[in-house]
Amino acid sequence: MAKNPEHRDLFSGALEMMILHSLRLKPMHGYALVKHIKQVSDNLLQVEEGSLYPALQRMLREGLLESKEGVSAKGRPTRIYRLTDAGMRHLEKEVSSFEKMFAGITRVLAVAKA
Amino acid sequence: MKWLTQLFSRRRRYDDLSVSIQEHLEEKIEELMEDGLSREEATRRARREFGNVTLTEERSREAWQWPTLESIWADVRYAFRRLAKAPGFAATVILTLAIAIGANTAVFSVVNSVLIKPLQYPKSEALVGVWLTAPGASGLASFSEGLRLSPSMYFTFTEQNRSFQSMGVWDPGTASVTGIAQPEQVHTILITDGVLQALDVPPVAGRWLSQADQNPHGARAVMLSYGYWQRHFGGDGSVIGRNITVDSQPWEIVGVMPRDFRVVDTDFDLIVPLAFDRNKQILAGFGFQGIARLKPGVTIAQADADVARMVPIWMDSWSNGPGSNSHFYENWKITPAIRPLKEEVTGSVGNVLWVVMGTLGVVMLIACANVANLVLVRAEARQQELAIRAALGAGRKRIVRELLIENIVLGLMGGACGVIVAYEGLQLLVTAGPANLPRLNEISLDARALGFTLILSVLSGLLFGLIPALKYAGPRTTVALQGAGRTASASRDRNRFRNILVVAQVAMALVLLVSAGLMIRTFEELRNVDPGFSHAETLQTMRISIPSSMVANPQMVARLQNDIADKLAAIPGVTSASFAGMVPMGSMELNWDLIYIQGKNYAGEIPPLRMFNYIAPDFFHTAGTRFVAGRDFTWSEIYERRPEVIISENLARELWGSPVAAIGKQLRSGSTKQPPHEVIGVVQDMRENGVQEAAPAIVYWPSLMNDEYGHESGETMRDVTFIVRSNQAGSVGLLNAMQKAVWSVNANLPLASVRTMQEIYSQSLARTSFTLVMLGIAGSMALLLGIIGIYGVISYAVSQRTREIGIRLALGAEKNRIFQMVIGQGIRLAMIGVAIGASVALLLGRMLSSFSQLLYGVKAGDPITLIAVSAVLAMVAALACYLPARRAASIDPMQALRSE
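Chains A and B, in that order, are what the protein sequence lines are.
Under this note's numbering, the residue at position 23 of the first sequence is numbered 50, and the numbers go up by one with no gaps.
Under this note's numbering, the residue at position 323 of the second sequence is numbered 397, and the numbers go up by one with no gaps.
Note that these hints are calculated values from the structure, not bench results.
Nothing here was measured: the structure is a model prediction, and the numbers come from that model.
Please note: incorrect hints may appear among the correct ones.
Said to hold, decoys possible - Covered by chain B, per the in silico footprint, the following chain A stretches (three or more residues, Cβ under 8 Å):
hint, segment
1, 56-67
2, 71-82
3, 98-108
Note that the Cβ used here is the ideal one computed from N, Cα and C, for glycine as well.
Build the full structure now, drawing on both the sequences and the hints.
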C-alpha cells in the first residue's frame, strides 16, 4: 500500500462519490478509473487500489453499479463497471449532502479567519 | 432469498474480481514499461504501488460475505486439517469424550424419560395418587407406602369431595381366560368408575367402561389392552361386542385402550370393573389405590384438607359390623397424603437416577481434565507458532478463538460419537433393564437428550479448551521465541496446571471408587442376609388361581391344590412341592390383620396389625425355611380345619419371649368368628418385603380355615403360589412336566408368573445391583482415565526433563534415585488427590446413605472401603509412573545432552 504523504486520505464516502461520478461519464474498468481520477484531479487525488476494489465490490452488492465482461484499451479481458439507475440516484443524493456539508465547513472556516 | 442467489453467484463475482485486478496490474506494468522501465522493474514497482494483492482481493470479497462467520468457518476447516494431521491425538480425545458424553447422554435420557417428561396422560400435572397415612396404626407404620383406600372410602370420597374432577380406585389382579387356544392367566386391572375418566385417555376402539358396567350383580363388560387385542384378535375392530371367557364366565368386550396406555405404571391385558356392592361395604378393606384428577386450580394441599374433612364423614357413614365401634379408626390418626401421580410412578428410583447422573457428571469432569492435559501438551508444542503469530500482530482474541474453535470441534466430534455410544448404551439398558425401573418403555433419545448432548459437547470443549487458550494466547513472545526447550528444566509454572488437573482427577476418581466400594459392601451385606429360604436357584415358583366360578366349594379347592402339589412332587427330579398364599419378595399385595393373643386383656386397646400368609404343609420344608420350634401342619389337620397356626420367630420373641415358650399359646385374628388358634410351630424370619427391609412379624394360617363370616364350607386361598424344589428349576423340561402335572388334575388351569426364586430374589436386589453396576462402570472409567492422566503428566514431565536428568546422571546421580524421584513425583500428586478426595467422599457418602437410602449395613465413612480404595489408587498411580520412571532412569546422559 504505497502511501504518498502528499495525498491526504479521502473521507469516507468521498471515494464512492468519485467513482460514481466518474462512471456517470462513461463505463470504465478499474485501471481506467484510477487513471481518470488522477488526471481529472491534476494528480491531487490518488485512489489506492487497496481501497478501490473493496469499494467497487460493495457498490456492486448494493446495486449502485453493475459489471460486465469487456476488454481494456490494451485489448485484455477485464470487467467494465457501469452506473445503475439506483447508483445515479445515490450519487445525486450524496453530492447534494456533500455540497451542504462543504458549504457549512467553508462558512465555519470563514468565521475563524475573521 | 437474495442471500441465496448471492451465495451462488459468489464464485462468478470472485472470478470477475480476479480478472479485474489481474488486468489492472498488467496495464500498469505495461504503462511503466512504456516509461522506459525494464519488465522486471516495472512488475516490482507496480506490485509495490498496488500493495498486497491477496489482501485487497480478500477484503474485496468480504463485500459478499458474512466476515465473522466465514472466518470462523475458515478456523473450523483449519481445525479439521490440524486434527487430521494428528490422528492419534484426535482419536484419543474423541474416544475419551465419546465414552464420557455417551454415558452422560444415556443416563440423561433415562432421567429425562423417567423423571422429567410429564406422564403420558392429557394434562397429567392434575393427576394425583390418593393415599393416606395412619401413624397411629402400629404395625402398619412399617408399611412404607402408606394406607390404601377401602371401598367405603371410595364411595364417601367420590360422593362428598369438592376438589376432584373425577376419582376412582383400582387394583391389579389376575384372571384366567379360557376358550381362546390354551387357558391363559392374564394380568387384569380392576377399576371403579372414575379411573379412566381421571386418566382421560380415549380408547382406540369401542368405549370406556361406564358407570352402568359397575353392576355388582352382573358386571360383564371388559376392556382389552392394545397388546392383548393384537396378540389374540390381530387388531380386529369387530371384536367389540364379542364375548370372552374370563374366570369361566362370559364377558363382553366393550373397548380397547391404545398402545402404551398403562394405569399408573402397571401393564395389563384386561380392564375389569371392580363393581363394589354398596350394601355390603364396611369401613375396612384398605386394599385399593386411589387416583384422581384435581379440579382446575385446586392444589394438593387443598385436596388434602378436603380429604381430611371427609374422613370423619366416612367413619359416620359406615361401620365394621354390628357392635363394632365405627370411630375406632380415630386411633389410627388417618391423615391424607395425596401426591402427584408422577411421584407415585417414579417412586424411589429418582434418588438412584440422580446419584448415577451425578456420578457420570464427575466422570465427565475427569474426562475433560484428561483431554485438557492432552490439549495443553499440544498447545505447548505450538507455542512458537502462536508466539510468531502474536508477534506478527494476531490479536489475543483471535488466537483464543482459534484454539477454542479447535477444541469445540473436538468436543462436537466427541459428542457426535457419544450419541452412538448413548444409543447403544440405551438399547442395552432397556433390554437388560432393571425390571423395576418405571416408564422403561418410554425411554428414548429424544430432542431434549440430543440438545443436552450438544450443550455438553460445547461446554466440555470450552472447559478443556479454555485453559490452553488463556495460557498460550497471551503475548509471551519473548519466552517462546527464545526457545523454552533449551532451558534446563520445565518451569514450575508450566507444570502447575497439569499437576492441579491430575490432583483433581485423582480426587474425583477416589470419590467415585469409594461410592462404588460402598455399594459393593452394601451388596455383600445384602448377600449375607439370610432371606428365610435357601438355594433360591433350585426353587421354581408359579401361580395358579382357581376361581369360584370353576370350583365353588373351598374344601374342593383345597383338595385340588393338594392334588397338584402331590403331582408336582412326583415329577422325577423334584424333591418336594407345596404352596402358599404368597412367596417372599414376590411383590404381591401384603395382607394385614389385627392379631389378638388369647388370655390378654386388651381393655379397649387395639393390638398391632400383623402381616399374615396362608400356607400348606411342607411349604417351609420346600422353601428351606428352618423350624425354630414346634412342627409343621399336616394335610389331615388342614382338612379337619384344626385351629392351629405357625408364627415367625420375631413374633414369638415379641409376644412370649422365646420360640419355645410360644408353642401351645393361642392367638386369634380380628374376626370374632374365628376360634383361637394354637401355635404349633415357630419358623425363622423371612425377608418378606425384600432383602433390604427388616423381616416383618408374620402369622401363617393354614391354607384352609373356617370362614370369617361363618360360612360352613370354610375359607381357602384361591390364588396361590406353588413352589417346587428341583435341580432343574428354570429349565423348559421341568416347566413342561409341571404344566402336564397341573393339567392332569384340571386341564383348564393356567400357570402364571412362572419364575425361579432366584429371579424373585435378584429382582428385590435390582435397585442395589443397578446402582452398583452403574457406579462400578463410572468408577472403572474414572480409574482408567485417572491412570491415563497420571501416566500422561509424569511421562510428559520426564520428556521435558530429559536434559536435566541427563545432567544429573552425568554428575553422578544414581539411576535408582532418578527412578525414585519420578515415581515419588507421581505418588505425591496422587496422595494429595487421595487426601482431598477422601474428605469429599466422606461428605458425599453421608449424602448417599441419608438422601437416597442406598446403603445397607455399611457406614458412609466405612474405613475398610476408604483405605482399600486409597491403597488401590496409590498403587495404580505408582504403576502409571513406572514406565516413565524407567525411561527416566535409562536415559543416556551423552545422548540427552547432545540431542537438543
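Hint by hint, here is what the structure shows:
no.	hint	in the structure
1	56-67	holds (count 4)
2	71-82	holds (count 5)
3	98-108	holds (count 7)
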